[in-house]
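Colleague: Kindly generate the complete structure, drawing on both the sequences and the hints.
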Amino acid sequence: MLAILNKEINSFFSSPIGYLVIGIFLVVCGLFLFVFTGDYNILDNGFADVKPFFDLAPWIFIFLIPAITMKSFSEEKRQGTMELLLTRPIGFTQLVLGKYFGALILVILSILPSILYVITIHQLGSPVGNFDLGATLGSYLGLIFLGGCYTAIGIFASSLSQNQIIAFIIAVFLCFLSYFAFEGLGDLDLFGSTNYGAEYLGISFHYQSISRGVIDTRDLIYFLSFIVFFLKLTQLRLIAIQKNS
Amino acid sequence: MKHENTYKNVFLWLVAIVAINLLAANFFERIDLTRDQRYTLSPAAMEIVSDTDSPIVIEVFLEGNFPSEFRRLRNETRQMLEEFSAYNSNIKFTFTNPLEESKDAEATAQEFYQQGMPPARVSVQENGKSSEALVFPWAVATMGDQKVQIPLLKNKLGATDEERVSSSVQQLEYAIANALNKLVYPRKKKIAVMRGNGELPDAQIASFIKTLQEYYFMAPFTLDSAAINPQKTLQQLKEYDLIIEAKPTEAFTENEKYILDQYTMSGGKSLWLTEAVAMETDSLLNPSGIAFALPRDLNLGDFFFSYGIRINPVLINDIYSAPIILASGQGNNTRFNPYPWFYSPLTTSPNDHPIINNIEAVKFEYANQIDTLQNNIEKTILLSSSPQTRVEGTPREISLEMVSQEPNLASYKDGEQPLAVLLEGEFTSVYKNRIKPFEIEKPLDQSEETKMLVISDGDVIKNEVQRGKPLELGLERYTGNTYGNKEFLLNAVNYMLDDSGLIDIRSKEINIAFLDDRKTADEREKWQMINIVLPLVILGLFAFGFNYFRKRKYLK
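Same order as they appear, the protein sequences are chains W and X. Take the position in the first sequence, starting the count at 1, then add 158; the result is the number in this note's numbering. For the second sequence, position 124 matches number 105 in this note's numbering, and the numbering has no gaps at all.
By construction, these hints were calculated from the structure, which means they are not laboratory data. Check before you lean on any hint, since a few could be wrong.
Here are the in silico distance ranges between beta carbons for each label pair [claimed, not checked]:
#, chain 1, residue 1, chain 2, residue 2, range
1, X, Ser104, W, Ser284, 49 to 59 Å
2, X, Arg316, W, Ala339, 54 to 64 Å
3, W, Leu291, X, Asp34, 30 to 40 Å
4, X, Ser309, W, Leu291, 54 to 64 Å
5, W, Gly196, X, Glu113, 48 to 58 Å
6, W, Ser173, X, Asn78, 40 to 50 Å
7, W, Gly249, X, Leu(-5), 40 to 50 Å
Anything over 12 Å on all C-beta distances counts as not near chain X; from chain W, calculated [as the list claims (entries may be wrong)]:
#, residue
8, Glu234
9, Gly238
10, Leu242
11, Gly249
12, Ser319
13, Ile323
Every residue gets a Cβ at the ideal spot worked out from N, C-alpha and C, and that includes glycine.
Modeller: Shown next as structure tokens:
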């Protein structure tokens, strides 16, 4: 598993695409949070918290994470190295986990520079340092779990096709669906006043709950089961591929 | 065959995961990481929530497009409601935008206004243009056929929108818990509104009495029978948990005083709004604009003295005060203009006692100074005049001319004067070691633990009356200002009647961190550069380092 993980990270950072993806993410975040006027502008908002970053991140992650994960299996398939991998004595679970954690570490690396935003808030607070560290930590935890869910989707999407573009599009679509669609369903008010049922299935409900700084075991279990489910799907998909070949 | 197996496998996993999540929904643990524990319900609120066993639906009208401060309020409201419903699934909530369904914003606003839920007008800055938007910072909680309105926005005098939202967020938990409290617990305690000593007429205290009726049983009570059958009057009075004396103007007889004293000795609580100077703004509205402020003896001197306070027959003249509204011009040209009027102190609190924590300034009119004396009763000064106060003796002439005179600031050197004092402890009877006005079976010389609040101005409880209808207490008709009078008195009554820990929730502090405006404006470009360029520099350094080490590894 570690070998796979290592290989993933290495290959990502040895190609310019990796830097491009992360670079664009950082520039977009910086522009939205500090330059463009709008809902996300921290300086105009007047509140000493980095909440806008955590509101914005799910949107950007929808594109960023599929871009990171799109080639994990597609590339192997296209290059014909898939059979090689599958015949290695590492097992499907190890293979999937290696690919998954490799991608997840890249996601976490890409949000690392956002600590600068926290430092900014810390410096500009009135008085200096007046911001809620606990809530911010909760937000980061939420963001990592959100990244975890998207990455699981991305890995799964990548196992579906040998075409990276198709894998990317499927992943974007699934991420979007699992984050926003259920909330939209909730707003439709299908089930009377209890619009909770549908909302509960979506990621955004749990992400928002944890990112305000409240760690609820229900949210954690939701995230973990979401990730496990998609990784299991990927594993089953790989088994199916092997049997077909 | 192969595929069938895969689908079956997927399905089984899905079922297992749903089962785990359903199970988890019943056994959960929450950790609140926030600095001020704002998402942790206080014990009092939890108690109310756990006693809620029939469905309660809360409809919040705070939805739509509005400035970031109000979005903040909406989000905080949602989060607070989530917190409530996380503990008890009987509590459900919805957010609706009142302006979405109807085209006519003004008609909707009017409708809300008539239901006692006035909308707030806020100015919205968009693309450099400023426009006005309507916000409905209200919610309605419904249980069965009972409805309770929840105000989500507090009006704080002279505060910016940011500060208003900040103090509103702070009391959200209270606002919601308070509404649930009204729905869940039936009224129990009884309050007597005292009559028979020239107190304020019903219409002038209607606003406050109506508010209290949502929590307590209210009844008028007269001491007139004290002269004929004092024993029975005392027995009847003892059935009440609290009495309100709203600005008595006729002196109390010894019998009446003894009844009130023994009522206190038996643990009864009392709210005294009483003053030692007779003076009304109405008296000034004569052609000469002159009236005389005269000492008024209510024969309560020894009464309060033995409990440890003295209300002096002097007037408080305070630079920090509410304006007086005077009409000028005639007929259609009549204008109502505010003038500074130093006899209406806007009082602030010298401490953070739960009764006055986070409330607006309380408006007094012709208040008197209260002296606190040394005895075993614990005295808390809840409200006092500003440091720029002058104490004026009576009798004296008060003239409307004063509005046009510059105050001589050098003469305002008497400092803060107590205007509302809370007494707590075991009271000693006024009639201890004295001849009793009448005989009772078991005269008490020492009370059990009880509370008494003395306010040296009856006008604090007085609401304005417009066309025979009482206005909201604290609302000033011509300026539209709202003062904290109602909240102050309600907090005081809740506090004295130890009410369901609502006070605890009310006094919970929530810090909202703001950015330093000036620093943010001054250093804007600097931080923009840091946050856009520096991450890229870090990424570049990482790229360089990564590739450097990789090359070295391959070279070896």
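Colleague: Work down the list of hints and note, for each, if the structure agrees.
Modeller: Here is what the structure says about each hint:
Hint check: X/Ser104 to W/Ser284, Cβ distance near 23 Å, so the stated range 49 to 59 Å is violated. Separated by about 59 Å at the C-beta atoms, X/Arg316 and W/Ala339 satisfy the suggested range of 54 to 64 Å. Checking the proposed 30 to 40 Å range against W/Leu291 and X/Asp34 shows it holds: the Cβ atoms sit about 38 Å from each other. Checked against the given bound of 54 to 64 Å, the beta carbons of X/Ser309 and W/Leu291, roughly 57 Å apart, stay inside it.
W/Gly196 and X/Glu113 have their C-beta atoms about 21 Å apart, which leaves the hinted 48 to 58 Å range violated. Checked against the given bound of 40 to 50 Å, the beta carbons of W/Ser173 and X/Asn78, roughly 48 Å apart, stay inside it. Against the hinted window of 40 to 50 Å, the Cβ-Cβ separation of W/Gly249 and X/Leu(-5) comes to about 23 Å, which falls outside the hint. Non-interface call for W/Glu234 relative to chain X: holds, since the shortest CB-CB distance, roughly 20 Å, exceeds 12 Å.
Every CB of chain X lies more than 12 Å from the CB of W/Gly238, the least distance being 22 Å, so the non-interface label holds. For W/Leu242, the requirement that its beta carbon stay farther than 12 Å from each beta carbon of chain X is met, with the minimum near 22 Å. Consistency note on W/Gly249: stated as away from chain X, and its beta-carbon is indeed over 12 Å from all of that chain's, at 16 Å minimum. Residue-level check passed: W/Ser319 sits 17 Å from the nearest beta carbon of chain X, beyond 12 Å.
No Cβ of chain X approaches the Cβ of W/Ile323 within 12 Å, the least distance being about 25 Å, so the stated non-interface status holds.
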